[in-house]
Amino acid sequence: MNYATWIFLGVFLTFAAAWLGLVFFPHEQLSGLRAQKDADSGQVFPPPYSGEALYGRSVYVREGCWYCHTQQVRGGDYNADLARGWGARRSDPRDYVHDAPHVLGSMRTGPDLANIGARQPSDKWHYLHLYDPQLTSKGSVMPPYRFLFELRKIVGQPSPEALELEGAASPAEGYEVVPSREARALVAYLKSLDRSYEFKE
Amino acid sequence: MNQLEQDQGGWTARRAEIDRSCATPCLVFYASSIFWLLAGTFFALLASVKLHHPEFLADWSWLTFGRVRPAHLNTVIYGWASMAGIATLLWLMCRLCRVPLMYPAMLVVAAGLWNLGLTVGTVGILMGYSTGIEWLEFPMPAAFLLFSGFAIVTLWSVATFAQRQAEHVYVSQWYLFAAVFWFPWLYVTVQLLLMLFPVKGIPQACINWWFAHNVLGLWFSPIGLAAIYYLLPKVIGRPIYSYYLSILGFWTLALFYNWAGAHHLVSGPVPAWIVTASIVGSVMMIIPVVTVALNHHMTLHGNFRLLKYSPTLRFIVFGAMSYTIVSLEGSMMSFRFLNEPFHFTHRTIGHAHLGMYSFFTMTMFGSMYYIVPRLTGREWHSARLIRIHFWGVALGFALMYLCLSIGGVIQGLELNQAGESLEKLIAQFGYLDGISKFVEGFKAQNGAVPFLEIVHGTLLWLKLRTVSGVLLLAGHAAFAVLMVMNVHAWGRRHIGPTLFHDEDAADYDRALRQARADLTPANSGD
Ligand code: HEM
Ligand code: HEM
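For the protein sequence lines, the chains are A and B, in the order given. Note that my numbering has the first sequence beginning at -3, numbered continuously upward. Note that my numbering has the second sequence beginning at 349, numbered continuously upward.
What the hints contain is simulated information worked out from the structure, not anything from laboratory work.
Straight-line distance between alpha carbons at most 16 Å, and here's what the computed EDC-like set of lysine to aspartate or glutamate pairs gives:
hint	chain 1	residue 1	chain 2	residue 2
1	B	Lys772	A	Asp73
2	A	Lys134	B	Glu801
3	B	Lys656	B	Asp855
4	A	Lys196	A	Asp34
5	B	Lys548	A	Asp95
6	B	Lys548	A	Glu24
7	B	Lys582	B	Asp857
Next up, chain A with everything else stripped away, as it sits in the complex:
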């Protein structure tokens, strides 16, 4: 056989072997995972996302929140994911059966969000924080997402959803800041992130 054929074969076989190991077999093992239905209560875990939350998820993906936030509580001996209170248990492959893209994340410039819905259920807090993280978390390096909000003239009654901004942050007299549809969906998504249910084996 000629030289090129040998190199080609070797290169192909080494590649194919690892492809089987890291792509094919994990896929075989895990792609059959489905959400679990609790026989007594009829609830499904993990619960499927609502349409609103799914739209919020696309905003989360688009704005790249996942470059600063992970969504995985690790097992293992040498980390404090559980001890820091980022979740009640280690994340399980089954927690992610509805997720595409996966947004597991690779940086913790900000805290893990796998269970942020359980930790921070307040709409008001989330809106303020997204509008300007300094309002709730002075010194944060999280960017403000003011572009997900609308500044509009108050016509008639002020909107119940308007942000309660004080001092320098408050809009001009007669104006209010309200979350856009995207911001509302994003918060719905954040609030749906609660993986504190348990799977039955």
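Got chain A sorted already, so can you dock chain B with the ligands onto it with the hints?
Showing chain B with the ligands alone in chain A's frame:
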């Protein structure tokens, strides 16, 4: 004229013909790569400033951190590094196979497709059409354009290899040959599984990191190593130290690098066996890495003085040494006890730039210093600009690596000080007193450090990283100016290389003659 001289005369003419055939496509790829390097540096600086001044340009959605960061990664990876890599690959392939490039116009088309793909992809990310998968953020149409461009590069490389006139297949050719196969396989598999028949959840994460790691190990690393294997012996005029070591290095790399992908998911929600397999692969990588390092070191051995004069050599050796360091560091980082505390910190970003910058980017700079004058027939115009380039990027990188490593280690220890984790980490360092004491200092006093305090702790290091980015930018700008001058035929005709200091030419010649003193003309190459 004896036989040997006649052969060499024939080869000199042939070589000129090969360089001429490569000139247009390689220069188009190189020029584009520099454009994307500058674009990528611009996005990098934006991202870097935003990490310590979040209000900076915050009200434009298309420049928010979460879009600028992937714009940085994708422009430097697919724009700068890949395009510079492809030009180097094509030229090396033709030189080593001793055949001119066929139908060079088609490769200009490939460069056009690739540039179009990058533009569509980058604008797509900024407009909010990212796929949301790290290292693969370009939306589908962009991926398709990139792939079409690359298909041409693969076909041309394989055809060139098939027509080769040289009977010996040099180690660089194996690496290049492997790289042009690996990359399209990777890219097609991943596009099929993530975009066309999308898998969800954890299998998707496995595929994601299998791809991201293999792009580094099976695309950039082989090209970088091929360039070093070619240029190191070439510049000093001595053969490579050991043929057998190069074979061993190549095949062990092929065997183990493939397996390392899941070390990006250590202790995550994936079956443990996958991660363990990857950790084994990562640790076994020590074999090819040490083999290659030894081979390069012994080739250069005794001639380190040449680093003082030759820009090509200095950049290449900087790259080669970084390859050894980044890989050994990587093998260490895949151990559970070192990975878990530092996994999600700036430490990883430091490692990433040690690989993609200090190894690959520096190697590409070195290659361009050698190859471009052979394409244009002109030497580099200004030794001073070369010095600015070298010191800007060398010091800039050193500062970046230092502050990301220090900042990342502190961040990692603070993030993981709650519970028992530091006790267990210290137990791993039992015999290293200094390290144990240092880690001890981070143990939680009264509960965990609040998250915001950890954030404050990283600010100084992130600001210094921005400073390092400015130094890197200065270096890149100097290089871009040199390139423009060269292509516009400022600068003298190519006779010998431009050295770091003009007045050193005589010393350099003497050192070169000494390096080659014990060689017969037959094995001194060209
Ligand atoms: C034997 C060789 C190597 C091993 C075992 C290795 C190991 C690792 C590990 C374990 C990580 C994950 C860190 C974490 O997230 O905790 C990592 C990340 C990374 N490595 Fe390496 N590395 C090696 C060589 C290289 C080389 C040669 C390059 C560059 C050409 C490189 C570039 C990167 C990059 C860019 C990342 C960051 C990926 C991301 O998070 O986006 N590595 N490496
Ligand atoms: C001008 C100099 C540069 C600066 C200031 C810079 C800065 C940055 C910043 C701020 C990030 C984001 C880190 C984060 O999310 O926390 C990043 C990521 C990255 N950069 Fe650069 N960069 C520079 C040049 C380069 C070059 C030339 C390359 C490659 C050829 C490169 C490759 C990467 C990679 C692979 C990542 C992803 C790392 C990861 O996910 O772990 N950078 N860089």
